[in-house]
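Trainee: Which chain is which? The protein sequence lines are D and Z, in order. Numbering follows the UniProt record's numbering, in which position 243 of the first sequence is assigned residue number 243; successive positions increment by one, without gaps. Numbering follows the UniProt record's numbering, in which position 392 of the second sequence is assigned residue number 392; successive positions increment by one, without gaps.
Rather than coming from a laboratory, the hints here were simulated on the basis of the structure. Glycine is no exception: its CB is placed at the ideal position from the N, C-alpha and C atoms. Treat the hints with care, as some may be off.
Covered stretches of chain D (in silico footprint by chain Z; criterion: 3 or more residues with CB under 8 Å from a CB of chain Z, positions within the stretch not fixed) [as the list claims (entries may be wrong)]: (1) 5 to 11; (2) 40 to 49; (3) 142 to 156; (4) 329 to 338; (5) 345 to 353.
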Amino acid sequence: MNTGQIISGTAHIGLIAFAVFGGAFKSDPLPFEVTSVTAISAEEYAALIDAPRAPEAVANVDTPEPPAEGQGLPELTSTSDAAPDLSQPEVTQTPPPDNVPEVVDPVPVPEAEVSDEPPVMQPPQEDVAALVPEVSPRPQPRPAPRVAPEAVAPPEPDVAIDEVERQETVPDAEAAENIEPETEATAPEEATTEIVTEAEQVDPASAAPSRSLRPKTRPAQPQTAQPQTAEQTQPAEDTRTAARPQPDESAVNDALAEALGQAGGADQGAPSGPPLTAGEKDALRVSVQQCWNVGSLSSEALRTTVVVKVRMGEDAKPVSGSIELLSSSGGSDAAARQAYEAARRAIIRCGANGYDLPKDKYDHWRDIEMTFNPERMRIK
Amino acid sequence: MMRYILSLLTVLMLWSFPATAQNGPLRIEITEGVIEPLPFAAPDFVSDSTTGAEFGRRIAEVIAADLTGTGLFREIQPEAFISRVTSFSSPVQYADWKAINAQALVTGAVSVDAGGQLVVRFRLYDVFAGQELGQGLQLVGTQDGWRRIAHKVADQIYSRITGEAPYFDSRVVYVAETGPKDQRIKRLAIMDYDGANVSYLTDSASIVLAPRFSPDGRQVLYTSYESGFPRIYVLQVGTAQRRVLEQQDGTMSFAPRFAPDGRRVVYSLSSGGNTDLYMMDIGSGTSTRLTNAPSIETAPSFSPDGSRIVFESDRSGSPQLYIMPAAGGEAQRISFGQGRYGTPVWSPRGDLIAFTKQSKGRFHIGVMRTDGSEERLLTASFLDEGPTWSPNGRVIMFTRETQGAQGSASLYSVDISGRNLRKVPTEAGGSDPSWSPLQD
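This is chain Z alone, in the form it adopts within the complex (with noise of 0.2 Å):
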């Protein structure tokens, strides 16, 4: 009888299993990968005229170079390439891309309109896939503004691959040091976000430090002491035009910010050996006290969302992060790792926050959640310091100076996750940059 029912079971098991089991498409999981560079052709854009043809060869190496400083793709030199893009409308051959292990193909065409503009149109493709990733575009501009659009194209094909934001049209406002130590002279400089184009926003005469854009870009904030004692100045970016924000006597404004609808401004005010934070309607001059401690509060730093302001504070007895809310009130401190904590600046994405530590005797840059967790360092020096962030709130820039009487000030930039970490060009030494948002 149980020989029976066994056989039954076994029976049943045999003949319902395959059954349940292989109906339906083959499952199965993936969960690692790989993280490396995607390899990416960019032959030089097509043109009929020798003009073009000279544009395009520079706005592929723009596109390129762009693309690579992202360490995110990598460039496959012309010199592996087995076929040749003679005309931007001529079907694409896979298969040789496929055999050099392009995964990505940007194809692009230059031209000289009647009026002596640049028409740079373009084609980005999955090569593997063997289709096109997105619609092809166009863009037209000034032939001096080549730069600009080789940067949009590479914003657009870098957003297309990764997802991303695209971060590649912006500049860098910052401190340019020339000379020894101890007479260094210091300029407001502006640029590319990857070192071209540099222009001089204010002379030698005095020492000016900590410049901030607007969020719209068109000016830009920064400490001057020009008067002896350190105030704020608004600079227009187009006309270098500059004025002097309000201040009573007696005290020392420094570490201003931009409120995200660019009409107040956070800083610092020093009065009477105490420091504490204000805010400042430009339009009225009219300041409101934030903070009442008798410790030192200083570099705030606003949410993108205007509701919350991020600062720092030895309150504790240490220099710590603490966030309040934007009107102040009770603020909650963020930072509990070892070390002292300094300018904090919040990410564009409102995600994270970007910080300087000090522990051990060593600088970093590094980054955590806006509650305070998942800290993480992504650099180590023997001086870094005031990060500031890409308008897509994936690469931080920051300043690098080095030890010693001929140690000088540089300026470099790391992705988030702490890879790619590398020094952006720039004519002489360079300090305390500000990233602008995304050009229109």
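Isolated chain D (complex conformation) (with noise of 0.2 Å):
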């Protein structure tokens, strides 16, 4: 017996009880509202609608009475206007007349003091015509004989130049005991962030703005890095260099080397443990380019871009004569050379105390590979 059939027989017995059984279920009807109604003829009602309609009719009119006969006419009276008074009325005073204006002589024009020498031009004064600007100039880079990322503004004369700020300290003659070592105040020293030409810089005594904006420069081409060993550009180094693995030129077999777990060789076992953040990242950046003088490069080495290798030791200063150029592009070996020379001095001196790096992670930074990239810094 298919489904169908047992739905719709269901419903049939359903109904059918219904319909038999239908009458025991009743209940009381609801109960409904009452309104109690008057019937009215049809007379009472004409009755009540026209009631205010209409006055009614009245059948009786007044009507004047036409004169009898032999009557005389009404008579006609009337009164004269009285004459208006045309007396003059009595002039009081004499108002006394206008005063006449004094007729005086026109001054004479004095004579125009023509020369033959021109005005001779004075400059204004410059409190007087300052001119506010409606809209404030751009900063102005100030001259400084450093550039740096951040601008530092000139120290203190008597300040001693140092990498970083620091206040006098003096023996506290009170104190019982000096615990600080006496130490002279340092301050960074005094930088801008690009290079001000006397033509840039600005005049304060003038409101006109007297700098045309520098023509950006071309994007660098692309070019395509030229592994260079550090063989070929520094051949002192040859026995040292000669011992360590040459870098893979083939990406495919880096590829093939990481996918089988080759990679590294024997002394680059994989990290383990949570890797550098990008804080740490940054700050060891920002360690090496307070460090990074490009101001002695020359025009070709400030085009030049160059990967360098360096070694930490575990005081997270870099390891003497780890440092090696591993490629350069944009230039030739000589301009690599001095793009090199500057990155390693760079790394050497702002590593002379240690860099910054969490000891627990040195597995991820003994070896490094910075990148010294010029580009931003030749148009500066």
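Using the hints, put the two standalone chains together into the complex.
Mentor: Dropping the structure here:
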């Protein structure tokens, strides 16, 4: 028996049951609202409707009676108007005559004093002709001998130049015990963010813009990095570099080696633990760039990007002699050498006291590859 | 099921991320640095004789002045030195030089040989790397030529550290000016690039203008009013002998400049109220006309490869810069900024053109690329004009004249970055400098 028939049968039985026993489930009718009405006749209805509509017509209308024959015309009476009073008003006082203005002789026009000499142009005084510009000009970099990523105000004249700012500490005569060693006050050297030429210096007395926008440089042409081993540029280091594994030139080989878990070789086991955070990497980058001086580089070396490899000791100081040039792009071998030497000076100088790197992540920063890209420094 | 898939993915990510991120060395990219003079130490060159010691002191002074004068280096004063260099061959105490932040160290020795010749040896060290930069060198010269030896040593150091070509061992020819403005005496003078060793090439009998070195530095072209009209002369620097170049009657020649081959001269010739550019073969004296326009064409300068000429023309209504093929032909305008452009000079490196610009009542020395892009004004004053390039194309020397009746002309130099603007010391006033190539 299929489902349809079951449903149909059940529904029919239900319907029949309702029809048969439906009366048993009757309930009292619901209470309903009662309104009382009064029946009236048609006349009463008409009277109700018409009553206020029109007044009853009056059968008798009063009409004036016509005058009887023989009666005379009624007398017409009239009173004459009184004549207007035409008497002249009394003249009380004659107004005084207006004063005639005195005729004054015109003042003679002075003769123009014309001289052949041109008037002497006086330059306006600076404090008088000061115009307030509607739009405040873009802050102009101040000329300074040092150009750095962040501008530094000129330090006080009696302050020693150092990379960190430090207050002067002097022995406190009243203190029982002098804990802090006596040090000299130091401050970073004055710096500006870009080179300011004489033509670009703003004359404070002039409100007019006197600086034209520097045209943008062309985007650097894509250069393919030419792998360059340390042997080619540093013949003197042959003995030291010969024992070291040469970097693989084939990216495919690298990828294969990585996939097979052979990357790094014996001395580069995969480091364990969490990697350096972005903040820790940034701190390292900022430390190195403070010492990366490109001011003494040739124009060509300033177009050369170098990749430098450095081995770090556990004290976070670069291992002497471990710095090598991995590759360069954008310039000749000679330019790459100068760029590499500037990078090497930066790594050694700023790492002389050890970089601020987390000791527990030594495995992650034991070997560092730094790319020095001077493109942004070139246009300063 | 979904939970199972998600947890599997998480496990996979946790497992795979460190493996891919941490293989190999840590990589960072440095794009911001600083631009500041590099501190160096140049102790007096040592010597075993009194004469040699005196030369050693003076040579070290000239080297320090050369390097400091570039604006790229800063000398550390000898008072700050911790260790003394007493012997040329003894090892360098790097720690002592690191302590005073000397990033480069120059040591040297001077001796006088049996023939009275000065023998100068020097070494350059990268203090922080703890190694010598390049090989040490030995130079031999006369005692009178000690300054040239010092310049050559400084050239080697400059070149070794910066990578730029050298320029200290070079000379400048210019117009020496003495006397008040209305009675000024002008003579041709020649000096070392740093203002030393001045000598005069002409007397004060007639006005001289615009001297220009030949590519080999042995000849100077200049314009003189000796005959009452401007005429072009060629002068041999070594012998001071001179001769006038061929010229048609009724014409005026000026603004001459050598071609890179040294055999031809390009110049302006004014005839019948019109000024055009001409090229003359010095040997034969024959001239070829390069431009033919009713406007004024002047101040021609060759590109270093000799293929093109940049010049000044007012054909558009105001003086602007144009480039044309060296044999003449259609010229292409390259200056489009506001103001008037003049006296273009092609850099010896070929990449830039220096010029004078007059704009808003001020004069500027500026540089632009050879297609006119990247124009940059380096100076600004009442009157700056007449730029000339150092042999390595890194420095520009020019004339700066001060305002007023008492105003005088002086020579100034500026780095092409716009830094290091400084006055060149001359005995009296100076104008119209022309920088020689590097001496042999």
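Trainee: Next step is simple, just say for each hint if it's right about the structure.
Mentor: Verification of the supplied hints:
For the stretch 5 to 11 of chain D, the assignment as covered by chain Z is violated, since 0 residues bring a beta-carbon within under 8 Å of that chain's beta-carbons and 3 are needed. Interface restraint, the stretch 40 to 49 of chain D with chain Z: violated (0 residues with C-beta to C-beta distance below 8 Å; minimum three). Interface restraint, the stretch 142 to 156 of chain D with chain Z: holds (5 residues with C-beta to C-beta distance below 8 Å; minimum three). Check result for the stretch 329 to 338 of chain D against chain Z: holds, 4 residues qualifying (beta carbon to beta carbon below 8 Å, three or more required).
Counting residues of the stretch 345 to 353 of chain D whose CB falls under 8 Å from any CB of chain Z gives 5; the rule of at least 3 is met.
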